[in-house]
Structures are given as structure tokens and as C-alpha cells.
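Participant: Sequence:
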Amino acid sequence: MTSISITDKRRVALAYDGSEDARKLFDWSLKNIIRPESDHLILLSAIQRHEKSMASSGGLSLGPLSGSEKPEVAGDEAGKSLPMLSTSPSRFSTAMTEADKHPQGPTARERLESMAKHLSTLKISSEEHILWGDAKVLIPRFTQHHEVDLLIVGSRGLGAVKSVFLGSVSDKCVHECPCPVLVVRNTTI
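For what it's worth, full-length UniProt numbering labels the leading residue of the sequence shown as 1, then goes sequentially.
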């Protein structure tokens, strides 16, 4: 059996917030959606970034833990670019230092690295991205700026009233992402 080039694989993004429901969604997706031989999994975790930590990094935010996209600066091009700085091998150390300075940074990074190691044992190619800011804004923007063939997100089932006031990440993704979005209710997994 021949191996498919990573550029020919279906690129599936999975939004992951570290909750128990998100872990169940990850496991469910591996069992029911992801095909190891033909899929590349993109793990996305959004962390709200505070003003203080933005100032200390000069307005730069951190993005992929692996990959080679061009660096982007927060607020660039009238707010259309992602608030993340893509790391390269030469900037990896700086990016990890910045991620570790954020209160949730080490946890998110360790969580995604652990998931990537698990995927590697299953022979599933993957990449990990930490997005700094509001998931409702950044996940759709990520799919608009990167090649994503399918986005998988969970639904907490807030109900109509809470959704109106709090907003829904899955709702924003369904309406703003250019790719198909699979919303999985936590009660079904």
C-alpha cells in the first residue's frame, strides 16, 4: 500500500478547549471521522490573551507549534490576519518562552503535544496551533487563512437564551468558516 503525500491528505481541523467534553470529541473523532491513511489532523486551541501579556510581547501572538506559515502580527491588515506568530525552527525557542509566560500557555501546549504524540502512535499526521484570543473570532479566521477541508467543533448546548448573550463558537464557525463544519453535541458522544 502506498502512502499519500501530506499535501494530498484531507486537512481536518479539530477545535479543542481542554474540557472533558473536548477530550471525548477528540476520541470520538478519531474513532468515527479521522482516517489515518488519508487525513491530516490540525489541532486548534484558543486561549484568551490578556492586555498585559500582549504588551509584553510587543503585540505579537503565538501560533503553530509546527509548520512554516509566514509570520503575522495582531491587528495587521485591518484586523484580518490571525493574532499569531507562526514559528520556524529558528524562532521555536522564543515562541515557546512566550507561550510558557501565559498562565494557560504551558497547559495548552502540553495538552496539544500529548495529543500529537498519541496521533503519531496511530500513524496520523498532525500539527498543533495555539490561537491567542477569542475562539469565536479566531477559529473561523484560521479556516479562512489556511487550507482546511473540514472543521470539527463541539457544542455545549447552552440553550437559546445563553447563546444569545454569550454567543456560540460552533454557531460562529457554521456561519463564517468557508469549509464544512461538523458540530457534535456532547450528549451524543
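If you are wondering where the hints come from, they were derived from the structure by calculation, not from laboratory data.
All figures in this text were calculated on a predicted structure; none of them were measured in a lab.
Among the clues, some could well be false.
List time: in silico BS3-like cross-link candidates among lysine-lysine, alpha-carbon distance up to 27 Å [as the list claims (entries may be wrong)]:
| id | residue 1 | residue 2 |
| --- | --- | --- |
| 1 | LYS24 | LYS123 |
| 2 | LYS136 | LYS24 |
| 3 | LYS117 | LYS9 |
Participant: Would the pair LYS136 and LYS24 pass a check requiring their Cα atoms to be no farther apart than 27 Å?
Facilitator: holds (21 Å)
Participant: Would the hint linking LYS24 and LYS123 be met if the CA-CA limit is 27 Å?
Facilitator: holds (20 Å)
Participant: For the pair supplied as a hint, LYS117 and LYS9, confirm whether the alpha-carbon distance does not exceed 27 Å.
Facilitator: Distance of about 19 Å is within 27 Å: holds.
Against the hints set out earlier in the document, no violation occurs for any number.
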